[in-house]
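There are 2 protein chains.
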Amino acid sequence: MRPEFKPPAAAVAGCPLCEAAGGAFLWTGGPWRVVRVDDASFPAYYRVVSNHHVTEFSDLLAPERQQCMDLVCAIERVLLDQLRPTKINLAAFGNMVPHLHWHVLARFDWDSHFPQPIWGAKQRDVQPAATSRLGIELAELDELVIAAVAAA
Amino acid sequence: MRPEFKPPAAAVAGCPLCEAAGGAFLWTGGPWRVVRVDDASFPAYYRVVSNHHVTEFSDLLAPERQQCMDLVCAIERVLLDQLRPTKINLAAFGNMVPHLHWHVLARFDWDSHFPQPIWGAKQRDVQPAATSRLGIELAELDELVIAAVAAA
Numbered sequence: 001m002r003p004e005f006k007p008p009a010a011a012v013a014g015c016p017l018c019e020a021a022g023g024a025f026l027w028t029g030g031p032w033r034v035v036r037v038d039d040a041s042f043p044a045y046y047r048v049v050s051n052h053h054v055t056e057f058s059d060l061l062a063p064e065r066q067q068c069m070d071l072v073c074a075i076e077r078v079l080l081d082q083l084r085p086t087k088i089n090l091a092a093f094g095n096m097v098p099h100l101h102w103h104v105l106a107r108f109d110w111d112s113h114f115p116q117p118i119w120g121a122k123q124r125d126v127q128p129a130a131t132s133r134l135g136i137e138l139a140e141l142d143e144l145v146i147a148a149v150a151a152a
Numbered sequence: 001m002r003p004e005f006k007p008p009a010a011a012v013a014g015c016p017l018c019e020a021a022g023g024a025f026l027w028t029g030g031p032w033r034v035v036r037v038d039d040a041s042f043p044a045y046y047r048v049v050s051n052h053h054v055t056e057f058s059d060l061l062a063p064e065r066q067q068c069m070d071l072v073c074a075i076e077r078v079l080l081d082q083l084r085p086t087k088i089n090l091a092a093f094g095n096m097v098p099h100l101h102w103h104v105l106a107r108f109d110w111d112s113h114f115p116q117p118i119w120g121a122k123q124r125d126v127q128p129a130a131t132s133r134l135g136i137e138l139a140e141l142d143e144l145v146i147a148a149v150a151a152a
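Here the protein sequences line up with chains D and Z, keeping their order.
1 is the number of the first residue of the first sequence in the working numbering; add one for each residue after it.
1 is the number of the first residue of the second sequence in the working numbering; add one for each residue after it.
What the hints contain is simulated information worked out from the structure, not anything from laboratory work.
Just so we're clear, the structure is a prediction, and the values are computed from it rather than from any experiment.
There could be a bad hint or two in this list.
A pair counts as met if it fits within one copy or between any two copies, since identical chains are not told apart.
[Stated by the list, open to error] No more than 20 Å apart at the CA atoms, straight line, and that leaves these computed lysine to any residue pairs for SDA-like: (1) 87 / 14; (2) 87 / 40; (3) 6 / 30; (4) 87 / 103; (5) 87 / 119; (6) 87 / 61; (7) 87 / 97; (8) 87 / 136.
Using the sequences and the accompanying hints, generate a full structural model.
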C-alpha cells in the first residue's frame, strides 16, 4: 500500500512541495520521501524530496544528508541495473521551488535532449514514445525502487 | 602553493577530465579534486572532480561518496556565507564527459539564466558583468573554498 502525502508540520504556504508530494508518492522514511515524476519524455525519473521545508543541502545535518544520498544511490542502482541507460543525471536546483529535492533520472542517447540536460535544448523528436523503450513497465520499476530505498 | 594536475594511473585516452584538471586547480585530497570553472556569466562556479575515471556516483564506495558530498557541502557553505546567493545549484550529469564531476554554483535572481538551470534558456543580458557583482574577488573566494575543503 502506497503512503499518503501529509504536509509537514511547518508547511510553507504556497510551496508546491509542502502542499503536495511532487509526483507519484512511492515511499517515505524519516525526513525523506521518494516520488516518480510523470514525464512522458523522461519516464525513468524519480525525486528524493525533503519532508521538511529546507532550502539548501548543507542546511541538513550530516546523517540526514547521508541518508539522502543513500536513497539517491539506491534509485540510481535500480535504474542502472534495470535499464542500462547511457547515463544517470543527478541534480538539486530549487530555483523555482526552493524546497530541497533531488532529481534522479536515467538518460539515453536516443532521448529527446541527450546529451543536453533535460532542462536544455531539445535535440530530436522521439518515436516510439520513450516509455515503450524502457523494456520494463513503470509499475514494476516503481516496485524495485521502493524495495531498494526501503533497504537503503 | 596550488597543486599540479596529475593524470590518473588508469587514465582514459580522450577523456577531458583524465587529461586535464577541468578548471583552475585549487585543491586535491584522496580521490577528489576541487577546481573553479572559468565562466564569466557564473563566476562562483566550482567543481568536485573524481581523480579516478569513474562514471556514476554509485560506482563509488560509501566513504568516497560521503567525502565527495562533504566537499560539495563545504563549498556550498562558503558560497552561501560569502555571497548570499538566491540559490545554490548542485548537479552531476556527465552526459558529455562521463567522468564523475559535481557542479556546485551560486545562482542569483539577476543572473543571465535564473530561474532556469544554467544549461537552460538564457533569460536576460547582465550588465555590469556578473563577476563585479559578487562583492568579493574570485582569488579571495578561492582561498576560502580551499580552506573549507581542506577542513572538511
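Outcome of the hint check:
no. : hint     : in the structure
1   : 87 / 14  : between (34 Å within a copy, 18 Å between copies)
2   : 87 / 40  : within (18 Å within a copy, 28 Å between copies)
3   : 6 / 30   : within (13 Å within a copy, 42 Å between copies)
4   : 87 / 103 : both (13 Å within a copy, 16 Å between copies)
5   : 87 / 119 : both (15 Å within a copy, 17 Å between copies)
6   : 87 / 61  : between (29 Å within a copy, 19 Å between copies)
7   : 87 / 97  : between (25 Å within a copy, 10 Å between copies)
8   : 87 / 136 : within (18 Å within a copy, 36 Å between copies)
When each numbered hint is compared with the structure, no violation occurs for any of them.
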